[in-house]
Each structure stands twice: as C-alpha cells, then as structure tokens.
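Dock chain B against chain A, hints included.
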Amino acid sequence: MADSQAHGGGLFERAAITGIGETAYGRGLQQGSALSLQMQASLAAIADAGLSPRDIDGVIPVATGAAVAEDFITNFGIPDLRFSATTPMGGASCVAAIQAAAAAVASGICRHVLLPIGRTGYSGTRIGARVHEMPQFRTIGEFELPLGNIAPAQIYAPMARRHMELYGTTSRQLAEIAVTTRQHAILNGNAAMTKPLSIDDHQTSRMIADPLRLFDCSLESDGGAAVVVSSAEAARDLRQPRVLVMGVAEGHPDSPSVITQRPDILKIGLGKAAPRAFAMAGVKPSDIHVAEIYDCFTYVVLRQLEELGFCAPGEGGSFVEGGALGLGGRLPVNTHGGLLSQAHLAGMNHIVELVRQLRGHGGAAQVEGATLGLVTGYGDMGDGSIAIMRRA
Amino acid sequence: MSDAFAKPVPRPSEDTQPYWDGLARGELLVQRCKDCGRLRHYPRPVCDGCWSMAHEWVALSGHGTVHSWTVCHHPFHLGFKAQSPYVLLTIDLAEGVRAMGQLRGMDPAGLRLGLKVRVDFEREGEGPVLPVFRPEAG
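Same order as they appear, the protein sequences are chains A and B.
If you read the first sequence in the numbering used here, its first letter stands for residue 44, the second for the next number, and so on.
If you read the second sequence in the numbering used here, its first letter stands for residue 7, the second for the next number, and so on.
What you were told as hints is all true, and nothing was included just to trick you.
For lysine to aspartate or glutamate, the following EDC-like pairs were computed, each having C-alpha atoms within a straight-line distance of at most 20 Å:
1) 87(B) <-> 132(B)
2) 310(A) <-> 54(B)
3) 122(B) <-> 208(A)
4) 13(B) <-> 130(B)
5) 310(A) <-> 297(A)
6) 13(B) <-> 132(B)
7) 122(B) <-> 101(B)
8) 310(A) <-> 98(B)
9) 13(B) <-> 27(B)
One-sided excerpt, in silico: chain B residues whose CB lies under 7 Å from chain A:
10) 14
11) 48
12) 76
13) 78
14) 79
15) 80
16) 82
17) 83
18) 86
19) 92
20) 94
21) 104
22) 106
Since the hints were made in silico from the structure, they are not lab data.
In this text, a Cβ means the ideal position worked out from N, Cα and C, and glycines have one as well.
Excised from the complex, chain A in its bound form:
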C-alpha cells in the first residue's frame, strides 16, 4: 500500500493480466459464429492462465458484441458469477474494461474477470456500416447521417484534415504508420494481411474520405480474443509470469457524441485519461518500452502519440517518420500488426500483444528487453482508455 500511495493510489498494481487467448484471424475464414469465436478465445485465455472455466467469477462482455454474461455462465458451467458489467465506449471498451475489472478484483468482489470479444466483421454485417444502430450515435444519426456523414472514416476525417492544415501533417506521414504496422503483422504471422506494403502502395490506394486513403483504414475481420484480469494476489499462484496493471484510466472528450460540436475537434478522451494513468503508474512516457495503440485509422495513432506525451501536439507527423514506430525504432508500436493489418478485434488483440511482449513471448516481433508498456483504446467519437503494465 505504501507504493500505491506514492504512485497516486487508486488501482496501482492491484490487478494483473493472467491469461491471453486468440483464435486465428482473417477474413472469411468460416471458423464459426461470433459467439463461438469468443468462447474459443476465452477458453484459450483461461487455459493460458492455468485456470478452469469454473474459476471465472466476473465477465465484461463487449457491449455491442455477440455475447452476454449469461452465455458464459451457461457454456462454462460457472457456479457463482459475482460480477458483470459492460463498458460501452466503442473501440475504447476493451481497455476501459481493464479498469472496471481491476476495480472489481481490487475491491474483493471477485478474483478472475474474463474480457472476451468475438466478431464476424468480415463475413457478417460490416461494423462500419451499422454504427448508427448504436444509441451513442443517436445525435449524429439524426443530424449528420442525412447529410452523408455515415461511416467512421468520414466522421474522423475532418480531425485529420484540420491537423494537416494547422500543423502541416502529411499523408506520407500517415503512410509511415500503415507501412510499419504491416511489417509487424507479417512478423506476427496470425494476421489477415500478409503482403508487404510500401509508402507508394499507400499513396496510390484509393481515397475513402479525404485525407484518409484505403490503407489509412483498419480491417473488417473475423476472429476472437480474450484476456483474464485477476487480483494481483491471486495471480501469484498462476501459470504465467505476472503482468501487473500499474495505471489504468478512461476519458471522455467534451461533446462526446458528436465531433462537430466539440470545442476543439482535435481533442480526444485519451488527453484526460493518459495523465491520470501515468500518475497512478508512477512512470513517464520516456520509460515506456513498447506501445500498443488503438489504430482504427492511421491518424488516430498519430494523435494519440501526442496525447500520450511522446511528442508535443502537432508534432505527431514528424515523430512517426523514418520507421520510428518499428522494432528498434524510438517507440515500437503495434508489434502485432494492429487493427490496420492483423485484425479488427476492437483492441482486445492490442491487450493480448502487450501482455505477450511483457512476458517476452513476442516471437519474431519481440521488443528486446521490454518489461514496461502501455495499451490504449479509442472509439465512439473519441472516447479513450489506457492501461500501463509491467512484468513483475
């Protein structure tokens, strides 16, 4: 507890990620329903931790996903589920769920919380085409959808355009992010995209919503992923090296439901969450060895790097140049290939990869000596979430 006070208290090292699991990722793999995909990934994560499915006593299903807590009770025969919740923040949900899970295990409500996701974003209804069915999109659904503001690429493009106009950020700088992320997907192997991508490939790809080109956009994928969040004490007895959650936070931007009315449209929820997470963890950006940063679009990575404090606002473009985000670069980012090139699992795959890196199990994409890292989530018009972790 002394450490906890020194680092701002809260949830500092009260929880650990003890299990990780993934299915094969791809497009049209026809490997099962969204429900069965997350069951498969969950069983893998629970086995990875060295737990029985009956040990799970908390679950945070993705709010807009294919499963509810009852499905896990039913399929796993869980005798006494003590905690269930959802964190409906779009792409920020999975990392925000770490905060909810850490609070649940730290308070003693439960010991092992499952965070599952499974989706058939490629084979089933495209996620990008049905965002307006979600209640948090009600405002733009009424006032902007009729104008033609329909998909996330269009919704976020004005942020990227204004960043370019104010700071001189270029499409080639966005390409650097796409190219490096593709290199990492190839090293990972379990990825939808397996062919190298060049800056020129990016620059000649078709325009989707200017300034965002095809290769600035993430994938629609089929797959499942899951992690187990346990109390730091319970984690001592489990199978894997402990990966402790040092700092965790969520943040919501002003005018969270509609970017048009946000006083500063470049602001995102991570700008509020990141300082709190760093203060809780007692570390600073320059201490971070590896970062898994939510990458629904290349621009979103660039802007989060600024809000995380790796560079000043407006300097994200120059920060990412010259392979800075690659292995051996100044900050290795998205070492699994991210949503841009591995699979769109709403960032659960980012959490899995951070834990893998901190265990030293990163394979060909391992960042040498990585023991401290962070993962972010971003979604629903700019909600943000962050978790900073270390290997114990």
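The following block gives chain B in isolation, referenced to the frame of chain A:
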C-alpha cells in the same frame, strides 16, 4: 429500385422537431437558454451551463467560416452513391455554434480553414430540407 438507394431521413423527437421545422421554412434554428442566454446545438433538453430546461429557438444569420472538411469518395450508403464524391464541411457559425453541411458552388481544392461561407437550404425529392454551404460572394 430498392429502399437501399433512398437517403437516410431524420426521425425527430419532441426535443428536435423545431429544428427541422425551421429548415423547412429556410431558417437555421438553434436553442437559446432562457435563463443564461447560452446557445446550444444540436438540440437537447438541458443547458450545460446552468442546467435550465427553459429555452427558446432563435434563427442564426447563416454566416460562418470553414473549421474543417472531408471529401467523401467512397459511398458508405447507396443513397449517396450517385452524388459521390461529395464534400462535408464543418462550419464555425458567426454566433458561436457549429454546423455541418455539404459544400455547394466551389471546387474543394480551394477550401482552406477560415474560408467564409453562408448557409443555403436544399430539398431533394420528398426528403427533408437540409443545410448546405456556399462560399460568400467576393
């Protein structure tokens, strides 16, 4: 012809209907708090400055400047396929709230932050009247 080619239409609530009625008359209406005078947009029940629910509707001048934009090439909805590419503008209105609308009357290559524009109103077929923005003359 399937309904998939029809543009999405708004489904106003009691809170928002006056905005759409205003557009139908050629007026861009926003809410003004009756207690503190703060303007708010898009329409909603409560003033986030003083939490009053008392409000009135006021017509804006329609003058504004470009805050940002996107040129939409890929039609994510079949109803917009025929007019793609189209430009969505984010506009700083003179009175201090923002609006979104499609660009009319100029090549998007000439867009820049701060460009002066003015609202206009368009109706397509049986659809709702929608705001669009044109560059100010001169």
